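Peer 1: For reference, the chains in residue letters:
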Amino acid sequence: MGPGDNGRDGLGLAVAILLSALAHVGLLYSGLVLIPRWLAEQPSPPPVYTVAVVDNVPAGDLGTHLPQLNRRQHPPAPPKKAPPPPKPPKTAKASAPNSDTKAFALNKRGNMTPTPTPTPLQATAAPTAPPTPAPTARPTHRATARPTATARRIRATPRPTPRAQRPRSTATAHARHAAPRPTPKRMLAVASSRPTPSVREQMAALRKQLLLESLKRRKAMAQRHEGEGGGPLESNVSTGGHGYGVGPNSGSAGMLKDPLFLLYYTQVQERIKKAWTFSGGNSDLTTTIEFAIGPDGQLLNYQVQRSSRNDAYDESVIRAIKRAAPFPPPPSDYRDAFSRGIQATFKLGELNS
Amino acid sequence: MSVQPRGATCAWRAVSVLLSIGILLLTGVPARAQLQSSPLQMEIVGPGSKLAPIAVSQLKNLGGDDQGDVSARFVDVLSRDLELSGYFRLIKPEAYIENAQQSGYQLGQFNFTDWSSINAEFLVKGAITASDSVVTIDAFLYDVAAQKQLVGKRFSGSPQDVNRMARRFADALLGGITGQRGPFDSKIALVSTRGGRFKEIYITSLDGKDLYRVTNNPTINLSPSFDRGVGHLLYTSYKSGAPDLYLFNLATRREVRIGSDRGLLLGGTVSPDGDSVVAAEERGGATNLFLLDLHGNVIRQLTHGGAINVNPSFSSDGRLLAFTSDRGGTPQIYVMNPDGGGARRVTYSGSYNTDPAISPKGDRIAYQTRNGGFHIAIIGINGGQPTVLAAGQHPSWSPDGRYLIFSAGRDGASRLYLMQVDSGKIIAPITKEDGDATDPAWSWWLGD
Numbered sequence: 001m002g003p004g005d006n007g008r009d010g011l012g013l014a015v016a017i018l019l020s021a022l023a024h025v026g027l028l029y030s031g032l033v034l035i036p037r038w039l040a041e042q043p044s045p046p047p048v049y050t051v052a053v054v055d056n057v058p059a060g061d062l063g064t065h066l067p068q069l070n071r072r073q074h075p076p077a078p079p080k081k082a083p084p085p086p087k088p089p090k091t092a093k094a095s096a097p098n099s100d101t102k103a104f105a106l107n108k109r110g111n112m113t114p115t116p117t118p119t120p121l122q123a124t125a126a127p128t129a130p131p132t133p134a135p136t137a138r139p140t141h142r143a144t145a146r147p148t149a150t151a152r153r154i155r156a157t158p159r160p161t162p163r164a165q166r167p168r169s170t171a172t173a174h175a176r177h178a179a180p181r182p183t184p185k186r187m188l189a190v191a192s193s194r195p196t197p198s199v200r201e202q203m204a205a206l207r208k209q210l211l212l213e214s215l216k217r218r219k220a221m222a223q224r225h226e227g228e229g230g231g232p233l234e235s236n237v238s239t240g241g242h243g244y245g246v247g248p249n250s251g252s253a254g255m256l257k258d259p260l261f262l263l264y265y266t267q268v269q270e271r272i273k274k275a276w277t278f279s280g281g282n283s284d285l286t287t288t289i290e291f292a293i294g295p296d297g298q299l300l301n302y303q304v305q306r307s308s309r310n311d312a313y314d315e316s317v318i319r320a321i322k323r324a325a326p327f328p329p330p331p332s333d334y335r336d337a338f339s340r341g342i343q344a345t346f347k348l349g350e351l352n353s
Numbered sequence: 001m002s003v004q005p006r007g008a009t010c011a012w013r014a015v016s017v018l019l020s021i022g023i024l025l026l027t028g029v030p031a032r033a034q035l036q037s038s039p040l041q042m043e044i045v046g047p048g049s050k051l052a053p054i055a056v057s058q059l060k061n062l063g064g065d066d067q068g069d070v071s072a073r074f075v076d077v078l079s080r081d082l083e084l085s086g087y088f089r090l091i092k093p094e095a096y097i098e099n100a101q102q103s104g105y106q107l108g109q110f111n112f113t114d115w116s117s118i119n120a121e122f123l124v125k126g127a128i129t130a131s132d133s134v135v136t137i138d139a140f141l142y143d144v145a146a147q148k149q150l151v152g153k154r155f156s157g158s159p160q161d162v163n164r165m166a167r168r169f170a171d172a173l174l175g176g177i178t179g180q181r182g183p184f185d186s187k188i189a190l191v192s193t194r195g196g197r198f199k200e201i202y203i204t205s206l207d208g209k210d211l212y213r214v215t216n217n218p219t220i221n222l223s224p225s226f227d228r229g230v231g232h233l234l235y236t237s238y239k240s241g242a243p244d245l246y247l248f249n250l251a252t253r254r255e256v257r258i259g260s261d262r263g264l265l266l267g268g269t270v271s272p273d274g275d276s277v278v279a280a281e282e283r284g285g286a287t288n289l290f291l292l293d294l295h296g297n298v299i300r301q302l303t304h305g306g307a308i309n310v311n312p313s314f315s316s317d318g319r320l321l322a323f324t325s326d327r328g329g330t331p332q333i334y335v336m337n338p339d340g341g342g343a344r345r346v347t348y349s350g351s352y353n354t355d356p357a358i359s360p361k362g363d364r365i366a367y368q369t370r371n372g373g374f375h376i377a378i379i380g381i382n383g384g385q386p387t388v389l390a391a392g393q394h395p396s397w398s399p400d401g402r403y404l405i406f407s408a409g410r411d412g413a414s415r416l417y418l419m420q421v422d423s424g425k426i427i428a429p430i431t432k433e434d435g436d437a438t439d440p441a442w443s444w445w446l447g448d
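Residue numbers (my numbering), protein chains in the order written: chain E, 1 to 353; chain W, 1 to 448.
One thing to keep in mind: the hints can contain errors.
To be verified - In silico lysine-lysine, DSSO-like type, Cα no more than 27 Å apart, as pairs:
(1) E:K322 / E:K347
(2) E:K322 / W:K209
(3) E:K322 / W:K153
(4) W:K432 / W:K199
(5) W:K153 / W:K209
(6) W:K148 / E:K322
(7) W:K209 / W:K92
(8) W:K148 / E:K347
(9) W:K92 / W:K432
Claimed, not checked - Here are some, though not all, of the chain E residues that point toward chain W, as calculated from beta-carbon distances under 7 Å:
(10) I272
(11) A344
(12) F346
Calculated directly from the structure, the hints in this document are not laboratory data. What you are looking at is a predicted structure, and each value in this text was computed from that prediction instead of being measured. Every residue, glycine too, gets a C-beta built ideally from N, C-alpha and C.
Model the full structure from these sequences, guided by the hints.
Peer 2: Structure representation (structure tokens):
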């Protein structure tokens, strides 16, 4: 009773709070610093590898490889087409059927006559032609948007040490990416600002972070897009297409922990789901199909392993895989896994008739 | 100084590692991860869309359709039917890359990438040869991703038959994709007040083309029903003062009146073979069902007693007759053999169930139930728990059993709506806001 008691209580409370705070700090330290350090197995690399590290980081891993490929394709295209004008139909079929047919449709005569005129026409036609299917645009956009934001956030924290930058590293990196987007440049800035032995760890963490955020965002997007494409008065019953069922071949848990793998895996999953259309049937329809993805992302082969006994449903699943292909090239570490095969189970889902 | 960024990176690392572990734990991966030799597993639940993108190209003119009018009619009707099927999303022709007249229509004569690049899952192409008297259309359905032909048909007929060719191709197309023939080569009879105050009977196609007016009398015309061969249409009309049945011959466009001097006829239905009708006839306070010949003579009395028995409706094979009776106290759905034997009650839930229609397979009954307002419900042929589908009245099955057409009042006007039965999805209104449309009756297929 009385103020004295209150004072003692207050003191006790303060001590308790202090203790609790200390305990929390300790826990946080162990959780944020000790455990991660323990979890991170990579030894700090010799600084010579910094260049290689930068190479590992590029946005190409984040899904920008397709546009890069495109960009690379464009320069060689005109010289390739210029030399053999006498045989236009054959080259058209061999090299780029899409763009050529487009040009064909736009100006048939120009393509038929082996005059030098077609060259500029094709050059303009090539970029406008949509040979890369729509999905290409999506990952690119998202992947580039994401890193920029986080890169900026990270850059704010470290002091911008004007250390002696390795000109070689930046130069090679620039050359490699051919300045696709501001993203890689920003990340380069991060790398050069902390040229300590932990750069590699940091970059790995950053990469993981970016990939994970991308994953999360994709997941959210996938959920948001569910049930789209309905009719005018469609009931809004829709079933989830989320939840990943990953099971690797090699049994390396490392693969499953690698966001790079997960990101690609999710990308494939989303592409197929998006390409899959089906209406009608019982909600318990299930088809299992095995397919493989080649190193370039092409569909290697496919086989229905367990039929739903509903031909229309099985066919819709096969079409989905064919329409989703070609996929982006798998990450180099996992090409084997994806070329060995994926066992995909297509469930129509409850209430989804 | 250096602790802060270091701490930050550690935090990043920790968060990322924990997140990745969390994701993996959530998805239950590790359990399967141990299977050394099995390939990657993936699960995909539910299609990205229920509507398949389809492109319907104009027909290549092989002669006689220089303006493309006939081709446009074919494409127009086919597109509308595909839209109404509830399976497709039509890609707008403005998006098409290829010019139908400058490219081939058979496998190998055109480039599938022109269609995969606009995301078409399916493609319809074809060719037309037209003269004043004969139109020949070859039409093909292609699977764009597989680059293979799924359906190929040749139709030949008079220029008036082009719409029907399109419907028949729509039916075949649905068959090629869903494994079940579509319902478009059929007719819908309906009662409409369009163009006046009076209820007249019309026949139309599902796509709204080829509207034909059956009655033209300033009275009331009701309850149309087709025979299975779609040779006759039976309806009730007050045009002679009392409600009588009229059997309209769709080929000759002549009709016979089926009256009764014994009592008052309260509607009826034509038997699948078109040789007889089942009519509800009121005599002395009781309303019973009678099998009548086409002159109105009683062949057999099907129900007995003092209750009200109305709304007769045959199954498509003619082996069952559904009707409404209040013999149990409230109006409920019953079925019986066409000879009047074996009657049994089907509905037990709800206190006002009328207008039964047996599904083409004979496994279900659609009916209307009054519960606040009128609703369309479905129940198994042997009863059970009904499913209420939507607000509406007077359901009628499509010949393929996938759809129901019914009337529903919205915004003060009654219109006909098309519904996909299994999904419960209302696809579209079939009639426009031109008077009230009620009492739809969906015919069997017009041909095989």
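Peer 1: A separate judgement is required for each hint: does it hold in the structure or not?
Peer 2: Against the structure, the hints:
no., hint, result
1, E:K322 / E:K347, "holds (18 Å)"
2, E:K322 / W:K209, "violated (37 Å)"
3, E:K322 / W:K153, "holds (26 Å)"
4, W:K432 / W:K199, "holds (16 Å)"
5, W:K153 / W:K209, "holds (22 Å)"
6, W:K148 / E:K322, "holds (12 Å)"
7, W:K209 / W:K92, "holds (21 Å)"
8, W:K148 / E:K347, "holds (25 Å)"
9, W:K92 / W:K432, "holds (23 Å)"
10, I272, "holds (6 Å)"
11, A344, "holds (4 Å)"
12, F346, "holds (5 Å)"
Of the hints listed earlier, the one the structure fails to meet is number 2.
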